[in-house]
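Chemist: What follows is the residue order along each chain.
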Amino acid sequence: MDFMVFQYPMITVQACLDGILLGILFALIAYGMALQWGVMNIINIAQGDLVILGGYIAYFMYLYGIHPAWGVIVAPVIMYFLGVLIYKLVINKVVDRDLFISILATFGISILFMQLMNFAFGADVVLANSDYGTTMLFNNNVVLPNSKLFSAFISILFAICLVIYMKKSKLGRAIRATAQNARAAKILGVDTEKVYAATFGINAALCGVAGALISITFTIHPYMGLPYTIRSFMIVIVAGLGNLPGVAMSGMGLGVFEEFADYILGTEFRIGSVFLLLVLILVYRRFKLSRKREYLK
Amino acid sequence: MRLNKIILSFVSALVILFSTSVASFAKVVGDKIILGAAISLTGKYSSNGVHTQNGYNMAVDRINSMGGVKVGGKTYKFDIIYYDDESNPKRAAQLAERLISQDGVEFMLGPYSSGLTKAIAPVTEKYGVPMVEANGASRSLFTKGYKYLFAVLAPANLYLDVAIDLAVEKNNGKPVTVAMAFEQDAFSQDVRLGVLDAIKRTGSKKVIDDKLPKELNDMAATLVKVKQMKPDVLVVSGHTKGALTAIRQIAEMKVDVPMLAMTHCDAAKLSKQHGKNSQYALCASQWHKTLTYKDNFFKDGMTYAADFEKEFGYDPPYQSAESSAALLVFKDAFERANSFDQKKVRDALAATNMQTFYGNIKFAPGGQNVDKPMVLFQVMCDASGKCENKVVAPTKWASAKLIHPVPKWSER
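Going down the list, the sequences are from chains H and F.
For the first sequence, the numbering used here begins at 1 and goes up steadily by one.
For the second sequence, the numbering used here begins at 298 and goes up steadily by one.
By construction, these hints were calculated from the structure, which means they are not laboratory data.
Keep in mind that a hint or two might mislead.
Per the computed footprint, the stretches of chain F lying under chain H, defined by three or more beta-carbons under 8 Å from a beta-carbon of chain H, are [as the list claims (entries may be wrong)]:
(1) 512 to 518
(2) 545 to 557
With the Cβ distance kept under 8 Å, some of the chain F side facing chain H (calculated, not the full set) [as the list claims (entries may be wrong)]:
(3) Asn385
(4) Leu541
(5) Lys591
(6) Asn593
(7) Trp694
Built from N, CA and C at the ideal position, the CB exists for glycine as well.
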């Protein structure tokens, strides 16, 4: 245990800011997961692997001399079509089945993606350099890499665009209608098959954006997807489905929690603390639910 | 009754199949000495696995084309059976069993990484199969009393203790403060033990001792602590991802530290990925091509590097060089034993005392190579932004002078 983070106020500020910036990025991934969970009732275990794949798209642009920031435009386009393709090949066969089947199917996709990425891109850890420099605050005591600021900004931008799109566009309305009641939407003429495909595509596109941002801010590696899946799963569980402000808040909360766990418990428990929190929240939710049930009885 | 008959015939068919397959393979077939190796061709170690395989293949071709191995007045050629262990220790141990008990291999080459070597060593030990390995440096491999394990590389605890000594030397012999960040795997933890020994020996003080997770891609917290505590030396070891993450975030967060020492910079191609940001980083390495060791097969490091590049299209990392050296050791031992008896070869290996392009090789009773010091190189860049690794320690091989302390970010 190390409580240095509370002894120096500047470190506390640093940890909070780092956590919030990181959390915004997590929230973007989690929003995609919440969307397809809500609409299609599918928990996508391959979420993190889609993120990493998006990262590789930005990385390859960087390798060919294009600034990796353009990846936030190119990656979602490619990933959208990939998402639709995955839907047509696999997901549409499991979309009406129970949750367990879809978890198994996406788990399989996850393993397949990991191995394919390893096969195609190699097992090296890679990153894309943005050369964005650093912002210094409070007399140089707090440092914020501009790449982190950039990724938070882009995440917010995409989230806002998506919310507007969901509210205003025809497809957005259809998606929301399907989420509320797929059968009723079908009766009223919504092509749910198309809605499902688009939803999965949008989710993959969001993962693509997040991946590109991660390759700019951190590092990517074919086997690094799972922690992102777990984090988004956890954010969605806390926030609930179809609750964007909730997702944003719980994302940032998780980011800050992780940073503090890192300082206090040590970096080795960073991911471990996320798992622990997940277990605690699930237990708490169950506890709350069972109390409600008793009350109903 | 009928079922019993079917089972019986099935089993006897299997027995016949196995006995023929064992007979068709053996340690020495015709004029070939067959070695076995489980290597990570897929999975998370696949890039270093390929470096290892390339190193082995390069040495096999070279030794075969330069007259092969002479045993009992007859000339033999090397051949290797490879299996892919998928970077998985369990699989590696299975494959070692298979190589030995099914394929009849009597001499083994090591896999890539300490973890996989640890998985294979009990198997080779059980069957008394001599194994020369080139990529498992963990200290725990050499304290188990293995009799058939020989490593051409220096053990992990010697990777970075030189850096602490160097920092003390630069501090006019006075103790220094050390910040450490190590991944929690066998190898990095051994590197850590070596650094701790050096800290104790020099009377220095550790101010940060962080452990890094396997999924490391953010070490901002550690670096903020480093900024606060201002240590004289920062030591990082977390394979390639540790090296890449550290350099990226140190540059982004403008962390000023007089000395930064790391492992796995060679494989990380630090200077290629990060350019000038990686400047002044000190890297521990088993080998560098500018070292002046010599042998009859590859001549010296520079020639080896040029030949390797011609064949495989990239500059050889030390993983390839040490793998090539393993074959030279085997050849030498076979010729001195003048026999294919496993015990005799084992004894000849234990008595090895030779120089290769990779370095001097002489095994301690535990199997580790005690005759080859580690080298430290520093990433140095010229005005045009082209960066190179230059050996700065030990002084005997230094091709450049250590730049110390590292200039502050505000002055770069």
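Chemist: Which earlier hints can't be squared with this structure?
Modeler: 3, 5, 6, 7
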